[in-house]
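J.: Residue numbers (the numbering used here), protein chains in the order written: chain A, 1251 to 1690; chain B, 223 to 533.
None of these hints come from the bench; they were simulated from the model. There's no promise every hint is true.
Cβ-Cβ distance ranges computed for the label pairs, FRET-style [as the list claims (entries may be wrong)]:
1) B/Ile511 - A/Pro1442: 43 to 51 Å
2) A/Gly1529 - B/Val389: 33 to 41 Å
3) B/Pro325 - A/Pro1369: 25 to 33 Å
4) B/Pro299 - A/Glu1612: 48 to 56 Å
5) A/Ala1448 - B/Glu236: 19 to 27 Å
6) B/Arg520 - A/Glu1420: 46 to 54 Å
7) B/Leu461 - A/Glu1445: 48 to 56 Å
Computed cross-link-like contacts, DSS-like style, restricted to lysine-lysine with a CA-CA straight-line distance of at most 25 Å [to be verified]:
8) B/Lys400 - B/Lys366
9) A/Lys1334 - A/Lys1346
10) A/Lys1426 - A/Lys1446
11) B/Lys366 - A/Lys1528
12) A/Lys1649 - B/Lys366
13) A/Lys1425 - A/Lys1438
Virtual Cβ for every residue (Gly too), placed ideally from N, Cα, C.
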Amino acid sequence: MKKLTTYGLGLVAGLAAIAATPAAYADDPQFFPMLVYRTGPYAPNGIPSANGMRDFYMLSNKRDGGANGVEIAVEECETEYNTKIGVECYERLKGKHGGATLVNPYSTGITYQLIPKAPVDEVPILSMGYGQTAAADGRVFPWTFNFPTTYWSQASAFIRYVGSEEGGMENLKGKKIALVYHNSAYGKEPIPTLEKLAGIHGYELTSLAVDHPGQEQKATWLQIRRLRPDWIFLWGWGVMNQVAIQEAAAIRFPMDHFIGVWWSGSENDVIPAGDAAKGYKAGTFHSVGATAQVHEDILEHIYGGDLEEAKKNNFGEVLYNRGLVNAMLGVEAVRTAQAKYGNRRMTGAEVRWGLENLDVGEERLAELGFGDFTRPIKVTCEDHEGSGPVLIQQWDGEKWSLVSDWIEPIREVVRPMIEEAAAAFAAENNITPRDCSAES
Amino acid sequence: MELLTAIFFTPFVEMWEFPTFFAEVVINGLLTGVMYSLVALGFVLIFKASEIFNFAQGVMVLFAALCLVGLMEFGIPAWIAVILSLAIMVVLALVIERVMLRPLVNQDPFILFMATIGLTFFLEGFGETLWGSNVKRLDIGIPKDVFEYQGILLSQFDIIAAVIGAVLVFGLAIFFTKTPIGRALRAVADDHQAALSIGIPLKTIWVIVWSVSGGVALVAGIMWGAKSGVQFSLSLIALKALPVLILGGLTSISGAIVGGLIIGVGEKVAEIYWGPLIGGAIENWFAYILAMVFLLFRPQGLFGERIIERV
């Protein structure tokens, strides 16, 4: 029944957004295609993200009158987190309602497939905190954006965090760090960064792969037990996270030395483990809970003050909040573009400019209801990642709480790696990097 | 030379030098193997009675667990929810017999196999529609504490799961060999028409076997669901049962349990001692390699029935 309710609300939201009275808006709608996965093995993660995005788009129409008077329209397409279906969804939606504003693929696999399509179709990609890390170099990837931070920045921020917990980066020497990762392109993302930093700071890195789906990990955790690492990083997804947390508890590993990537740090990952998950930490790039003004606004405008109904739609959960931040940055990119091109429906190319010149400061975040909930962001032609800081959150058995300030990534190491990877991509694909000084 | 040493010498030296750790690997492999056997059992039961390879067995595990946890969310006590879930699986068996199997009596087994693929997709969608897609915590009170014995870390949960699995296998073995219904099931498996001609009610037998298989799916769902939460991925656990079936044979309950133990130990030992040589994560495919090596010597599986057709 819950699922039916969710679908129902999604459908109503989509139709409501599309069928708003013409008199209320001056122009064609600004269309945001939504590639969602409400079914399949990863649905527990896909549903809250999709609900968060949907609610923010609806709120933008109801609270703010759309994007400077231009109605926001959305339409969902179910990908099942399957790359092939995701690309089909993109193809189906990209030309609808006057053309797609931008696309949030919500899958690293789909992102990789869409990167070559983006300049051809003139639909920019916003892969917020996932996808191809090298896309942070906007000179090579003009149509792809991965702000506010990337996997490599996150990995380096984890090392900085562990250093601070150990009493200084110099104390990392001789420490053992294990990386338990999903055996896929996504899971392997942090390895080059962690290896590079191991060379600099002298810690010993052991990487242990877990095959999809990760339902059985006994062998991995027996190896961890033999290794006796000081810290463990988890780069998992779906059921792999829940099992890993239970297995860590089963070998009596101290949970406060166990840190997950931001895709291993939702309620879904810890609740099945029960008390065993207490103390587990994870990265994030926004705050926790339903604490911001935007939550109050959503509760009022979307759910009519019905908190129970809102909670049924994952209101305030980690991935719901990520969906909110994702949608907010997309809409702000449209407004940024409108500041240059005028208050009308923006084309994909114009939104690409908006994304590349996005500058959402503290004041603007507060106006949108996100004051202190996430970090201000500034994107440039060279840097499609933004400033890239990370927070650490911790599960106390009931809820997530923040246990760190914003942690800056180790940019002096990560950025050259990004540029090197982007240059290699450019060479492989005969791309001539842009001269950003010539861009306006 | 270095590679050969790493493959043929170093792992055995490690096992010899650290016997406690090796024992821990083997014991954990055995305990995991029992869990694989639980899933494999469901396949064996249905194949024994109807020669259908039930592609839907994995999703039946998920569906049973979803029903259990869904009922518990309504505040129903765990033991009542287990009984009700069992009842749901019996009803499911009745529906499957009436809607899917009866119209396909005497059809080629491959057609019945295709029908179970359809059943898989139906149950996946139906289960999600009824109970939602969120990960659900399943706690029926089995303790999850760990304890150390002679330096070996053991989980109470894994041991209890293994005991439950062993009792189930023992009970089913007796049921199949010592009871009239069990003998009737075997007769149906041998020849549908011959069984019908001597008065064995095929429809009833099918309902019984699908019900028992549903019950086994429920037990497997409880054990695996308590470890990882009840969610869609639970249906993929069937993939772990396939090498067990290849190795143990599709028609042998003993084969399912012995096959599970061999696969459980084999994949753990391989992952830990040989996995690092090639980047790890070898246990999934190694299980299939191990099963196929056995097939080279016993094509019917360890305990499967040897098929001899005379020309």
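J.: Compare the structure with each hint and give your call.
T.: Here's how the hints hold up against the structure:
no.	hint	verdict
1	B/Ile511 - A/Pro1442: 43 to 51 Å	30 Å, violated
2	A/Gly1529 - B/Val389: 33 to 41 Å	36 Å, holds
3	B/Pro325 - A/Pro1369: 25 to 33 Å	54 Å, violated
4	B/Pro299 - A/Glu1612: 48 to 56 Å	52 Å, holds
5	A/Ala1448 - B/Glu236: 19 to 27 Å	24 Å, holds
6	B/Arg520 - A/Glu1420: 46 to 54 Å	60 Å, violated
7	B/Leu461 - A/Glu1445: 48 to 56 Å	32 Å, violated
8	B/Lys400 - B/Lys366	36 Å, violated
9	A/Lys1334 - A/Lys1346	20 Å, holds
10	A/Lys1426 - A/Lys1446	15 Å, holds
11	B/Lys366 - A/Lys1528	15 Å, holds
12	A/Lys1649 - B/Lys366	22 Å, holds
13	A/Lys1425 - A/Lys1438	21 Å, holds
This entry does not satisfy hints 1, 3, 6, 7 and 8, going by the numbered hints stated previously.
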